[in-house]
Amino acid sequence: MERLSRAKKEYMNIEIPSELSSVVKEAIKKSEQKNTYKINVFKKILPAVSICAMLCLVIGIGGLWTWDGDEVITEGDSEPMIVSENSRMMPASGARTEAVYDMSQPAINEAVSERIVKESEKGNALDPVFIGEKYASFMCVDENGYVKYFNFNAKDGSDVSAEDLGIRRNEKFDFYISSENSAVLVFDGYAEEVVFG
Amino acid sequence: MDRKDVYNTVIGYITDNQDKFYRLAYSHIRDREASLDIVQNAICKALEKYGDIRNIDSINSWFYRVLVNEVYTYANKHKREISVADEDIPVGVYHEKAFEKDDSINDAINCLPEKLKTIIILRFFEDMTLEEISKVTRTNLNTVKTRLYSALSKLKIYYKEAE
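Sequence order for the protein chains is C and F. Going by the numbering used here, the first sequence opens with residue 1, and the numbers climb by one from there. Going by the numbering used here, the second sequence opens with residue 1, and the numbers climb by one from there.
There's no promise every hint is true.
Capping the alpha-carbon separation at 20 angstroms, the derived lysine to aspartate or glutamate pairs in EDC-like fashion look like this [what the hints assert, rightly or not]:
no.	chain 1	residue 1	chain 2	residue 2
1	F	K145	F	E114
2	F	K154	C	E2
3	C	K29	F	D5
4	C	K155	C	E133
5	F	K117	F	D31
6	C	K8	F	D57
7	C	K8	F	E132
None of these hints come from the bench; they were simulated from the model.
Working from the sequences, and respecting the hints, build out all of it.
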């Protein structure tokens, strides 16, 4: 123990370098600078992050607000179809405004797609009116501003005539398919819905 | 006590006890420049992590823990360094006068393994209690006691052999 107490005296007599205080000051200064930098970076990043968060929130709420609200409607006994409330169809005079197939829900098979392409090459830019399991109905507006309807077999893309559907009338009319078992006949000035067969 | 108060307390503690920190580092490493570096690094690390202090009263053991870890890190890094022969040491190199007077006891302590050396220094030179040493070295109190006993036994053997 005596030796240890002597060793302690020696330990306490270790010469303290004059630079020690400056070294300590430098270390404190370095740490302060580091802390200040951290705080500054945080202060710079925080507003940017909160602005981004706010933007995301606004965009999200805006998106929900303007969302069309896809809904499922059924017509008669037909299969439910996904439609949009936004009608992009130009209704013929007096024709019933019909729900329009939402293009964001692809349900057109290849054959029908090919028909659409062919018609567009002819200058008929088709807009979908109704896409069902059996039939697909499209419309376009010609150069003179008249609405033309195109009705295709939904499986092979072939033409579907009014006669094929069992619609027999003497008057001249245009028609489009509005559901799996009904079509809307558009006469000059008014429209009428008929059931197939 | 808010964060700023804790920071100021830590700064005050460091400034007041810087000599003790240097002594502890020097007694382990026996190199003036390296000891200054160790003290500087320990202060930087402590000020980086001062938010970890749960109880300001335990600042002493907390800072010593940082310092001792820094000493160990340095010692481990330089373990494999080849020691330079006396004749290769340039003239004017720093020698600690205190250790040159009578280096027998300090030589004996210096021969101890790092962990035992730390316990001897903290217990007899820094006058820490065994509980404090246990906190500083993050070891169980019984381990501290065992190491202290082992260190003292080794010192006794050293002196017996010397006599």
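So, going through the hints one by one against the coordinates:
Only pairs whose Cα atoms come within 20 angstroms are accepted, and F:K145 paired with F:E114 is accepted, the gap being roughly 16 angstroms. Distance hint between F:K154 and C:E2 is fulfilled; the C-alpha atoms sit about 16 angstroms from each other, no more than 20 angstroms. For the suggested pair C:K29 and F:D5, the alpha carbons sit about 17 angstroms apart, so the restraint of at most 20 angstroms is met. Taken as a hint, the C:K155 and C:E133 pair is honoured in the structure, with Cα atoms around 8 angstroms apart against an allowance of 20 angstroms.
Proximity of F:K117 to F:D31 is assessed by CA-CA distance (about 16 angstroms); at most 20 angstroms being required, the pair is judged to hold. The straight-line distance between the Cα atoms of C:K8 and F:D57 is roughly 25 angstroms, outside the 20 angstroms bound, and the hint therefore fails. A threshold of 20 angstroms between alpha carbons decides the hint, and for C:K8 with F:E132 the separation of about 19 angstroms falls inside it, so the pair holds.
Violated hint: 6 only; the structure is consistent with all others.
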